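Sequences and hints are given; from them, build the entire structure.
Chain order of the listed sequences is A and B. The opening position of the first sequence corresponds to residue 289 in the working numbering, with each subsequent residue numbered one higher. The opening position of the second sequence corresponds to residue 289 in the working numbering, with each subsequent residue numbered one higher.
Since the hints were derived computationally from the structure, they do not count as laboratory data. Among the hints, erroneous ones may be present.
Which copy is meant is left open, so a pair is good if it fits within one copy or across any two.
[As the list claims (entries may be wrong)] Straight-line C-alpha distance at most 30 Å; calculated DSS-like pairs for lysine-lysine:
{"#": "1", "residue 1": "643", "residue 2": "665"}
{"#": "2", "residue 1": "662", "residue 2": "643"}
{"#": "3", "residue 1": "458", "residue 2": "643"}
{"#": "4", "residue 1": "527", "residue 2": "440"}
Owing to the predicted nature of the structure, the values given are computational and were not obtained by experimental measurement.
2 protein chains.
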Amino acid sequence: MHGGTTPLPTSTCQYVRLTFPPSFFSSSPLGSRALHSVCDPTPISGFRHSPMAAGSSSSVPSDPLLRDELDIVIPTARNLDFLEAWRPFFQPYHLIIVQDGNSKNTISVPGGFDYELYDRNDIDRILGPRAARISFKDSACRCFGYLVSKKKYIFTVDDDCFVAKDPSGKQINALEQHIRNLLTPSTPFFFNTLYDPYRLGADFVRGYPFSLREGSPTAVSHGLWLNVPDYDAPTQLVKPNERNTRYVDAVLTVPKGAFFPMSGMNLAFNRELIGQAMYFGLTDDSQPNVRYDDMWAAWCVKVICDHMGFGVKTGLPYIWNSKARTPLVNLRKEHEGIYWQEDIVHFFQSVTLSKTSVTVQECYIELSQQVREKLGKVDAYFIKLADAMMTWIEAWNELNPSEN
Amino acid sequence: MHGGTTPLPTSTCQYVRLTFPPSFFSSSPLGSRALHSVCDPTPISGFRHSPMAAGSSSSVPSDPLLRDELDIVIPTARNLDFLEAWRPFFQPYHLIIVQDGNSKNTISVPGGFDYELYDRNDIDRILGPRAARISFKDSACRCFGYLVSKKKYIFTVDDDCFVAKDPSGKQINALEQHIRNLLTPSTPFFFNTLYDPYRLGADFVRGYPFSLREGSPTAVSHGLWLNVPDYDAPTQLVKPNERNTRYVDAVLTVPKGAFFPMSGMNLAFNRELIGQAMYFGLTDDSQPNVRYDDMWAAWCVKVICDHMGFGVKTGLPYIWNSKARTPLVNLRKEHEGIYWQEDIVHFFQSVTLSKTSVTVQECYIELSQQVREKLGKVDAYFIKLADAMMTWIEAWNELNPSEN
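Now the structure itself:
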């Protein structure tokens, strides 16, 4: 793990309470360094914490929601200058930066942010042989951040996403909206036509069953994108210049039984509720299923949320997505996934989990077994993926022993 | 049937092609008059048709969508002055006005509209003993208009609904938006996070299965309300002054398997596809299930659309709902329905229709049998309602012999 050069104040330790079990480090060649750098208030590799960075203090909310209960996870392969745009909203929170690609590259983080940074060497060191299950050269590596976080909530955002504006021209605090989505219930069992009934000025409409008005715990908040929409390569090719300019002022629960394409670029979730199912799969360059990392997580998460009675919201907040990726490159990456997608969706739409699976972990293990059994017939890749799902759970248990 | 005094031009007959089978009129005491007034180009009771009414011609679109394929059905108990506000949008279309309450009251229709008007005497005359299945003193009587229409599409709107404005201040042509919703496919089998993918500037996002991108036929377009929201009496009592001011710029498909509260006050549907399931039930003052007329239709329609693979959309267009009804009166009307609602929803959420039901009519008949069998245990009212569902189908078949 790497960090900035500013000495770590004692107060920062509330953000950094990773505990790795001894058994875990015995298989990790440089585990002791990782342990030290994370948990010791005088870390070897340093830890940046500059809350009074120039020009930022006045715009930072004095008491931001869930400051001590939420980590922001950012996968990146470059300097994080984009954080300047987010400073008023992100600075009070702790960042977990997962460096993608070549570990020799230095990721520069603007001053004033409290963060920990993991590169590939760190991931290898911490996970040992299991590190192969965390994708490389792909933003799917972000899920390593979910493993090492110890917070109740996660917000993950891509480094080409900027602050969008609402129709009045006001900057959108995406994180605040995600938190609001996560802290209010969902309504997966009946659709409310005025959308989020818990929002100020809205409610359940006539005909909505009273027994369902308490709602369900919200596990996921999926945000959207103005400017560059998250299109697949064929759609990008057909509509290279299409931009999303429509601000839809709504948050809604994806109903039970319905599946949706969950993009990982602007996403928040309750890690305690659903973190164990938020594995982004095997999607790096050496794998055939690239660009389906978040979709894989979406399908797994939705099946399990439906089984557990948790809610998944989509809609607000918007971020400004700046970068239209090269469609021809994406087409090369996606073609296998596009081919398999139909089988995968059919599988997930027909999957049922048994009543004996009463925790997310039990659900996820059962799901991996069904993936092996049913999707394994489509391609051997899915057998490897089913194994990786099990490895993910093993790693989760080792890094989060108190949760099980 | 009644109408205005302007002589009926020959061209109007395209709107008026009701044909009642002889067997039907043999049981209808004044059937011959109804037959004459509807089908004869020189009707006994007259038919208003004034397309060049003062001040209207310039604002009427020259070639409105589906002019010859859509009827506007309006249940009312008073003068239809509200039509003045809708003139630019409604005038090219044919209106079917179903008079609610005392037949002695004269309903005044502003000049320039092409309409037919049915009061209770007409309904009794046309349906004979079956007329008891059409609710009285309740806007549920609107479904009589669906029976007698011969058009492919229906738009129904309440007489206290006015033209809303979009955020730019432009008047919303609700009918045009409904038509657009009905003429473009739905996406019931997978949720698209950018909402309606067929809308200009939108598409299916990454991860949306390609096999589902052709969509499904759209059966229903459910529009929303600015100003007075459609709340039940308890919510009205708790929030008497809450008004809906949020314009959500979206149309979306209610996913397969999800139920929603469908209000009848701003609703369009493909009568050919789903008209036979659009019965508004027994909900008049003599019945215990008042204010659940549209909800009953919603539940039946959604189960059948899911079975048939049809789509149901909700969202745009908005109308301006002007009238907050008295919550204490509504509470008296609703309390039985609120009590039963939980059982009803549970019933519909668990209903399955057999594979042998391959038409909407077969589905509706099977559904009525299940209502009798399962909801009949909740209260004898549902046995009467199941009978009424069968009567509705009989009446449909008699009035629409060519459809079966």
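Here is what the structure says about each hint:
1. 643 with 665: Classified as both; 25 Å inside a copy, 29 Å across copies.
2. 662 with 643: both (20 Å within a copy, 26 Å between copies)
3. 458 with 643: The answer is neither: 47 Å in one copy and 53 Å across copies each exceed 30 Å.
4. 527 with 440: neither (39 Å within a copy, 34 Å between copies)
Going through the hint list in order, the structure does not satisfy hints 3 and 4.
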